[in-house]
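Residue numbers (the numbering used here), protein chains in the order written: chain A, -15 to 226; chain B, 1127 to 1241.
Rather than coming from a laboratory, the hints here were simulated on the basis of the structure.
Here a beta-carbon is modelled for each residue, glycine too, at the ideal position from N, C-alpha and C.
There's no promise every hint is true.
Dumping the calculated DSS-like pairs for lysine-lysine here, alpha-carbon to alpha-carbon at most 25 Å [said to hold, decoys possible]:
(1) Lys165/A to Lys1128/B
(2) Lys187/A to Lys1158/B
(3) Lys1158/B to Lys163/A
(4) Lys1158/B to Lys55/A
(5) Lys113/A to Lys1158/B
Residues on chain A that point at chain B, a partial pick, calculated with CB under 7 Å [as the list claims (entries may be wrong)]:
(6) Gly30
(7) Ala32
(8) Phe34
(9) Ile152
(10) Leu153
(11) Ser174
(12) Glu199
(13) Val203
(14) Leu204
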Amino acid sequence: MLTAGKAVKVSIYVSEGSTHHGMSIYASILDFLFFRGVSGATVLKGVAGFGADHHIHSANFVEISDHLPLKIEFIETREKVDELLGKLEEMVGSGMIELHETTVAKPAQLSKPKNVPAPGHVKIEGKAKMMRIYIGESDRWLDKPLHESLLRAMRANDLAGATVYRGILGYGAHRRIHKEKPLHLSHDCSIMLSVVDTEEKLKAFLPLVDKMVQEGLVVLSDVDIIKYTHRAQEISEAGSEP
Amino acid sequence: MKEQFQARMLRIHFTEADKWQGEVLYKAIVAKCMELGIGGATVFRGVAGFGASARMYHARTLSISKNAPVMVTVIDTEEQIQKLIPHLDQMIAGGLIASSTVQAIRYSRSAEDSH
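Next up, chain B with everything else stripped away, as it sits in the complex (with noise of 0.2 Å):
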């Protein structure tokens, strides 16, 4: 099944070491996220990177390092994301929101062969 829709992508950063309430930050966002009900969020390591809550970070091998820059993207309508916003404003004590209008195109297979 495919559709189309307008959509909103934000595309949070931070770091790897940020925390909330003593859970990884990221995670505490995607478990937010689908508490919400948001359609999807997906979270990135970069390799490398700085920004208003981490210093020059590059990822070397063996690194036990956790600072790593961390972005969550989070796609759904309008509405949905901005329920999602005054829980981020919380959440987010150094990190940047970047927000976008996207057009999307969902593809789902038939809802008998989910699972």
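Excised from the complex, chain A in its bound form (with noise of 0.2 Å):
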């Protein structure tokens, strides 16, 4: 991980159309920065240049031209780039590489930390109880759907998970049937959520469910957990946002 202070940033020029073992040169170089563990690299295309060979290349004319400059740029400490640059210097062929001593003021930070799991979100097995909440569609907590409420409450207090399940028919302590219409044009449906966590997690929320629940059934039962477990946050997620 890349701290402030000093630093070195490379520069790795390149043609767009050259190959490196039958892959584009950039894609090979930017994959071997990624899987090295590089903190973070760019790729430039340039609109014009000229290299060693002395023609110039732009994108002056409509057909695509492959052999536009490229640049790859990505900055890392000084022994990790040492360690990279013999790979880097085969990979690039007739390409040039300029090193260039820099500051790192302020270090780029993960939009979202990794391998910090959320306190809530520990492995959790064995006994464990199910909380079934059953509430009315239309059922409001500020202004905002009960349901979806209780939903982002249950999240912001790290329960392991929950999911809400509307019901096509039913009926509660008012007698009063709850139908499900064609095109769902009705919204006032039964609505259940189902959550799963410790007893200690779920008798912590209860408060909260007294507080936003002014009419409904909370039922608790003991189950056994057979499997809780969540994806393993990837290196790959970490630059492929969506």
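Using the hints, put the two chains back together into the complex; each one sits in its own frame.
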């Protein structure tokens, strides 16, 4: 991880069309930097330029030139750069590599902190509780649908996970039938939220349920958790937010 | 108002196509629960499933299939649920009833603003 202070900026100049083992050079280099743990890299596309062969390459013509200059830039510590330089020199072929002493004033930060699991999302297994909350679809809490508010409250309280179900038919304390209508014109169905977590977590959440649910039914039952896992946060997620 | 009590929860699984005396079974069960004064019942439709009375089912857009799995949840005190069970025995030809003990908390508005 790059920190503030002395660092080296590496600029690599290649031609867009040139290849390395059948793959375009910039893509190979980017992959190499990525999987070798470089903090970040950018590929810039030039609009015109010339290099060692003294031909001017430009995008003036309608034809798509694949000889435009590309510049790949990354900033890393001196040790890291020294470690990667040998392989990079081999990869760039006829291209050029420039090193530039620089100072990092503020290192980039992850938009989502990695490897720091949210405090509540710990492994749970064995005995746990399932809480089901029965409410109406039209119930509201502070002008928002109650089931959405409950779900957000659960998320904010780091409960392990929750699912909202819409009933197609039902009745409750008022003996009024709540029915599904075609084309989902009705917003008066029965709603059930189901959430599984440890007894303490759910008990700690109950006062909030008390406050939010004016009318409804909450049931708690014992369950055995067989499996609760979440996908490991992979490196490949870091730069590829859709 | 808030009241806490020990309750029994039934989850009755069958399909949307099942009938009881010409009526859709899940509607008949909800009607029976009401008749017996059971606290509440909710019907859920599954998006996929299989079981004793249903071959593999998948919800598809614009599907006209009526063979979706459904689940009816009924929660009330032990005595109330015991009143319901003989009726279910008669009504359900193919399906499954799962029963569990639950801790229930009922929230209700005061009597005057009920409708």
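Going through the hints against the structure:
1. Lys165/A to Lys1128/B: Not OK: Lys165/A and Lys1128/B at ~31 Å, beyond 25 Å, violated.
2. Lys187/A to Lys1158/B: Given that 25 Å is the threshold and the Cα spacing comes to 34 Å, the pair is violated.
3. Lys1158/B to Lys163/A: holds, 16 Å
4. Lys1158/B to Lys55/A: violated, 75 Å
5. Lys113/A to Lys1158/B: Not OK: Lys113/A and Lys1158/B at ~30 Å, beyond 25 Å, violated.
6. Gly30: Nearest chain B Cβ about 48 Å off; hint violated.
7. Ala32: violated, 51 Å
8. Phe34: Phe34/A check fails; min Cβ-Cβ to chain B is 57 Å, beyond 7 Å.
9. Ile152: Ile152/A check passes; min Cβ-Cβ to chain B is 5 Å, inside 7 Å.
10. Leu153: holds, 4 Å
11. Ser174: Result: holds, 4 Å to nearest chain B Cβ.
12. Glu199: Result: holds, 5 Å to nearest chain B Cβ.
13. Val203: Holds, about 4 Å.
14. Leu204: At about 4 Å, which falls below the 7 Å cut-off, the nearest Cβ of chain B leaves the hint on Leu204/A intact, so it holds.
Violated hints, in rising order: 1, 2, 4, 5, 6, 7 and 8; the structure is consistent with all others.
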